[in-house]
Amino acid sequence: MPFAVKAVCAFTFLAFGGSDIAAAAPAQQQGAPDSLLLELERSLCLTCHQAPEGPLDFLRPLPAPPLDHLGSRATPAWVSDWLLDPQKMRPGTRMPNMLSGFPEAERRQVADDLTAFLLTNESNQPLEMLELAPDLLVQGERLFNEIGCIACHADAFADRQLAAMTAVGSLRDQLLAPHEIRPSALMPDMHLTSDEALSLAAWLLRAQQVDGPAQQQLLSGWNWKAFEYGGSPSTGPDFETAVSFASGIAREVNAEYGGRKNSYGLTFEGVLMVPADGGYQFYLGSDDGSSLTIDGETVIEALVRQAHTRKDASHTLTAGAHRIRITYYEGGGDESLEAGWSGPGFAERAFAADDVMHEGQVFLPLGYSEIPATASAERGAELFDKLRCASCHTSSTERPTVLAAAPRFEDLTEGQGCMSGHPDAGVPSFKLSRSARHLLIEAIANTDLLMDGPSHAIRAATTIEAMQCNACHQRDGVGAPSEEQMRLFVGEGDFGEEGRVPPALTSVEAKLQPHWLQNVVTTGEKVRPYMMTRMPAFGEAVGSQVARDLLANRRPTPALPERGFDEAEVQMGREIAGNKGLACISCHNMAGHQSAGIPGLDLATVAERLEPLWFQQWLRNPHEMRSDTRMPVFWDAEGKSALTRLGDGNATTQINALWAYLSLGAAMPLPEGLITDPNTYNLTPMDRPLYFGTFMKGLSARVLTVGFPERVHLAFDQHNVRLAKVWRGDFMNAKGTWDGRAGQLESPAGVEILDLPAGPAFAWLTAGQDWPTESGKDAGWRMVGQRRDAGGNPTFRYRFEDLQVEESMRAKLSADGAYFQRSFVLFSPQLPSGLMRRWLDENGEVQVAAVDWTPGDGGYIATIEEELKW
Amino acid sequence: MVMLSVLLASISALSLQAPSADQSASAGQAPAPTEADYYQAQSVPVPDEIELEIGGVQPLEDGSLLACTRRGQVWRIVNPLGESPQFSLWTDGLQEPLGLWLHEGWIYSATRGELLRMRDSSGDGRADEFETINDDWNISGNYHEYNFGPRPDSEGNWWITTNRGFGGEPFGKPDWRGWAMRLKPGEPMEPMAAGLRSPAGLELSPWGELFYTDNQGEWCGANKLSVIKEGAYYGDPFGIESAHLPQSRVTYPGKNPDGIMMPKAHTKLLNFQLPAVWFPYNKMGRSASGMAWDRSEGAFGPFAGQLFVGDQYQASVMRVSLEKVAGEWQGACYPFRKKLAAGVIRVRQAEDGGLWVGMSDRGWPSLGSEGYGLQKLTWNGVVPFEIHEMRATPTGFDVQFTKPVDLAQQSVPPVKLSMSSYTYELHSAYGSDEMETQELTIREHHFSSDGLILHVSVDGLREGYVHELQVKDLFDLDGHKLLHDVAYYTLIHIPTE
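Going down the list, the protein sequences come from chains A and B.
Under my numbering, the first residue of the first sequence carries the number 1, and numbering increases by one thereafter.
Under my numbering, the first residue of the second sequence carries the number 1, and numbering increases by one thereafter.
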């Protein structure tokens with residue numbers, strides 16, 4: 001069986017690179033505490049054999065998979081075979097052979113009994129078999145190669161074991177939540193969508209389609225096919241002769257199958273499940289043409305080029321299954337297709353997936369058989385306890401472990417127990433290699449030598465090896481994918497290898513800030529959208545371990561002097577980034593907006609991720625740090641740039657300014673020259689405030705939102721006559737308002753949304769009264785209008801009887817991004833004694849104070865300045 | 001859009017003469033003249049980055065235009081028909097403005113939530129002052145709660161019409177949907193008439209009465225043009241509960257009978273108002289929109305004083321003539337100009353008599369080839385052979401033509417006239433078929449001696465019914481057939497003299 005050495009986190013039952021691999025790795029220097037510790041960490045010794053408390057605690061073995069839901073993911077035959085001889089099934093696995101001490105003739109029965117116990121657990125779901133549609137297989141293979149599965153698994157999945165072990169739906173669920181099955185996180189989370197996991201599962205189990213027993217079933221959904229347009233320009237393809245270019249299973253009917261926008265046709269075919277005898281109404285709407293036939297009879301037909309037009313028709317049907325077919329074609333322009341029905345007892349709805357079925361094939365796992373009748377779950381339970389399986393495999397029920405019974409670690413003797421060549425019944429057989437056995441014997445004999453723990457360097461190396469980081473990332477010249485695999489890694493845009501192959505980890509602990517390093521390993525957060533390979537998520541435990549081990553290896557760096565916020569410096573940085581400066585925007589995305597050229601790494605992430613010192617060194621000498629980078633150098637050897645207009649062309653000044661600007665992160669004012677989201681509905685204020693009136697969720701149907709280039713934004717609720725929301729980052733997406741016809745309630749597109757408390761900013765309070773929560777017409781507040789100054793900044797004007805309020809909003813930059821300067825001018829012909837003002841302070845605390853008035857022309861005036869920070 | 005304007009420009013360059021057909025009426029050699037041979041449509045090229053989904057058009061004195069869009073922007077377009085018109089954003093942030101009106105230096109607009117006025121007081125090309133004139137109504141967040149207008153009446157009061165909602169009302173059921181409102185500055189709004197459905201056009205007639213157009217649907221059998229009367233009910237009960245509120249000028253009309261012929265509806269519904277003109281569905285478009293009276297006294301061709309009405313679905317402009325009989329307005333509609341670039345929302349007459357046509361198809365599909373646009377319809381000085389006006393007489397109709405017919409040719413073969421009449425049903429389902437259709441017998445017809453008027457006597461005229469007249473095989477002195485050979489007359493009253 002071709003099983004690559006790298007496939008140590010192969011997504012199969014219990015597979016971790018065990019003792020065989022250990023012998024080949026850094027543990028070559030026999031006798032050194034590091035290599036002894038390494039072997040101990042890889043072995044499972046400390047699971048059963050208690051060691052002296054203290055420095056060895058970090059050697060706790062990785063947790064084994066819990067077995068509570070084993071029946072939801074593995075077939076009986078596979079489990080039984082596995083128990084019989086795990087090392088034969090998966091050379092290198094850390095799962096010991098637990099049955100080798102039984103007489104050979106009894107072993108199969110023992111394995112079957114254990115299987116019966118493990119798989120008859122009530123909480124198991126049946127294996128979910130699903131059909132393997134051709135489009136799924138294509139997508140699955142593409143994903144396997146592109147997102148990085150192949151770096152660890154190579155051709156492991158040509159292995160038929162997986163196809164014998166599980167079913168498509170079950171594997172999909174495992175791929176979606178690998179940490180649940182494998183708390184060790186050795187199989188990391190690849191950020192798959194449900195569709196992606198399904199297609200990967202289908203492709204990984206494709207052997208079932210060739211060799212597996214098939215079952216014909218009626219399955220929900222339609223068979224769809226996409227066709228070349230051909231045929232008549234007005235009436236579309238002749239579907240009998242047209243050439244099909246894609247097909248699959250559809251859960252709903254729409255115009256999007258096949259992935260084209262123009263010049264294509266679609267057919268949807270299936271069996272309509274009619275619930276009762278009676279009259280049914282069908283509708284079919286399309287741009288361009290479409291038809292609907294039932295049992296060969298045309299019910300609706302509109303074979304014309306048209307804007308979206310809906311037709312309705314009635315049709316009498318008997319209860320039961322009827323053949324249904326929808327054809328559709330699109331010449332040019334907009335495309336749309338809708339179809340549905342209503343009938344006795346149900347209101348109009350689009351065809352739901354269960355309204356229409358199709359005949360499909362599902363495939364059983366290879367060699368599938370039920371649990372043998374001779375197997376006994378009761379005997380299996382006794383065996384499970386007797387073999388102390390719960391020592392490694394945790395379960396929801398309390399089961400006996402071996403800890404109390406096994407000898408202590410320092411008391412172990414060579415040639416006894418599991419170190420014996422032929423372990424007794426009930427003792428695990430690890431099939432240790434000679435070198436591993438030697439290392440362990442040495443470790444046992446020298447327990448006191450190990451008490452200092454491993455060196456930082458070896459810890460970092462061990463961690464990187466254990467987590468298979470080297471499968472994708474090179475570090476200090478070690479690792480990285482093979483040439484062959486590297487060819488499969490793809491990227492978008494013209495970045496060369498930099499855009500396809502994950503970055504080197506050499507000195508990564510000096511490059512990334514600690515929190516970011518931990519974050520990347522924990523969550524797999526990705527900053528290189530052009531790279532198709534995915535950084536997996538290893539979860540909290542592994543993330544903090546990696547950060548701990550790598551950072552311990554870090555050389556101390558001189559602390560940079562603390563620099564205060566300087567708006568002029570930020571603006572210089574903004575100019576440098578823009579098209580009239582060093583034009584970073586030519587190749588780098590900015591705060592989620594596409595660069596003018598190739599979509600390079602988003603610079604808004606830089607200050608959050610990178611160490612400032614590393615950033616300086618990178619800007620000055622990128623080619624020293626990565627020889628094949630396309631990052632240009634902007635300063636000569638003396639540290640002078642051609643851009644002398646800003647900061648005298650001095651490298652340090654300019655780089656500091658860039659850093660100050662990029663430190664604002666996603667809330668940065670966007671640099672000049674960025675062309676924001678052409679032809680999308682993202683609204684991006686660039687050189688002056690941008691106004692967008694809309695219905696807003698949680699507020700009212702009459703909200704004026706104002707976006708500012710400083711990337712703070714506001715929503716003024718004109719129905720309730722009050723400032724209602726402020727937020728940062730992106731402004732608004734207008735698609736629901738500008739494109740749809742549903743009257744969508746919009747929400748801010750940005751982050752850090754502050755909801756101001758309901759009610760007016762000013763009120764008269766009598767003693768003990770709460771601040772009013774109503775501020776609209778019914779409460780006496782009325783909009784008067786608005787003014788916009790020469791720069792486009794708003795002043796909202798409103799009144800309460802004689803009291804006139806002008807509320808002006810200006811955006812200001814600060815170290816925390818930006819905030820609003822909120823200014824009020826109040827006027828009243830009579831002195832409005834007792835008028836109170838309410839605002840939020842920087843901590844979000846509500847403050848209330850009396851308004852101070854001064855006599856003015858024809859009445860009384862009050863002016864109030866407020867910094868609205870949040 | 002650019003290509004289209006080139007195409008249209010080449011059409012206009014062809015000739016100022018209508019194509020001449022063979023005198024001998026063996027027409028067919030030369031192509032028959034088309035609408036575009038008399039009324040050219042010139043497109044304003046719109047920069048790619050602007051989605052000019054027009055809701056309103058306001059020509060300014062300096063020859064530039066303001067156009068508001070359904071995206072809430074107002075664009076100023078300088079030199080709109082020049083080689084490279086300049087677009088600049090005059091303001092933004094309005095909610096679905098569907099009309100603009102210039103009045104005393106302010107631009108008025110009716111948005112979803114308010115009637116407001118705006119101006120650029122600093123002269124920097126951007127509106128800087130915004131004043132709420134009236135916002136006494138609330139809106140629910142329903143997409144269809146548009147407001148149309150605004151239009152000042154002869155006393156300087158503002159009018160708007162409110163579209164009824166369809167579907168969800170996330171912020172609660174609002175009052176006053178499907179109403180015509182009078183808004184006097186500084187005073188509470190006055191809800192004047194009820195029962196409107198989608199009243200997309202609102203215009204003041206030259207004689208001072210307001211008219212509105214409405215769209216076929218529930219309770220509205222076909223598109224229609226109606227005069228707005230204080231206290232009148234137009235048939236859609238969606239917002240009629242508001243008639244119980246104290247501000248209402250409409251007395252609650254009673255509960256709608258579901259299925260009654262329109263001419264009888266007034267017997268069940270208090271103050272029910274029949275339209276002045278029905279636009280038969282599909283025959284005359286599918287979605288009547290903005291309108292403009294031709295006040296150019298001939299600069300826009302032979303139809304001075306008549307009404308031009310846009311149609312959104314058909315991307316066309318239709319034509320209407322009105323007359324008052326027994327105290328009620330009634331009249332006929334005629335096809336006028338199809339094949340415009342996109343669904344017509346607004347028509348506004350320019351100083352030179354041409355018609356600005358503002359277009360958008362978002363939300364409502366249209367036959368136009370573009371999604372939106374701005375065109376100007378201009379008469380090229382050649383009179384088309386058209387039915388100028390169809391008028392009711394005690395015994396039938398007088399049909400006046402724009403040019404004398406070829407009386408000599410009348411004998412072989414004679415004109416073919418046919419007429420039918422029908423009405424619509426008031427009911428809750430969408431639209432109405434043509435109901436109680438009758439083929440009518442033309443008892444007698446003759447031409448005036450100058451060949452300009454055809455007098456038709458008809459048996460079985462019915463009050464309250466649409467009378468559809470087809471005029472085939474009629475030629476003018478150039479041998480041209482009628483450009484449009486059909487007219488639809490809504491006969492509310494048969495004149496007594």
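Check each hint, because a few of them may be wrong.
List time: in silico DSBU-like cross-link candidates among lysine-lysine, alpha-carbon distance up to 30 Å [what the hints assert, rightly or not]: (1) A:LYS311 x B:LYS338; (2) B:LYS481 x B:LYS416; (3) B:LYS255 x B:LYS173; (4) A:LYS735 x B:LYS472; (5) A:LYS735 x A:LYS697; (6) B:LYS339 x B:LYS229; (7) A:LYS261 x B:LYS338; (8) A:LYS431 x A:LYS88; (9) A:LYS386 x A:LYS311; (10) B:LYS416 x A:LYS697; (11) B:LYS283 x B:LYS338; (12) A:LYS777 x B:LYS339; (13) B:LYS472 x B:LYS339; (14) A:LYS725 x B:LYS255; (15) B:LYS338 x B:LYS403; (16) A:LYS725 x A:LYS777; (17) B:LYS255 x B:LYS268; (18) A:LYS812 x A:LYS869; (19) B:LYS472 x A:LYS311; (20) B:LYS184 x B:LYS173; (21) B:LYS324 x B:LYS416; (22) B:LYS173 x B:LYS283; (23) A:LYS261 x B:LYS339; (24) A:LYS869 x A:LYS725; (25) B:LYS338 x B:LYS324; (26) B:LYS403 x A:LYS311; (27) A:LYS777 x B:LYS184; (28) A:LYS640 x A:LYS735; (29) B:LYS338 x B:LYS264.
Please keep in mind that the hints were generated in silico from the structure rather than gathered at the bench.
Checklist entry - What hints, given by number in increasing order, does this structure fail? => result Hints 4, 6, 9, 10, 12, 14, 19, 22, 26, 28 and 29 not satisfied by this model.
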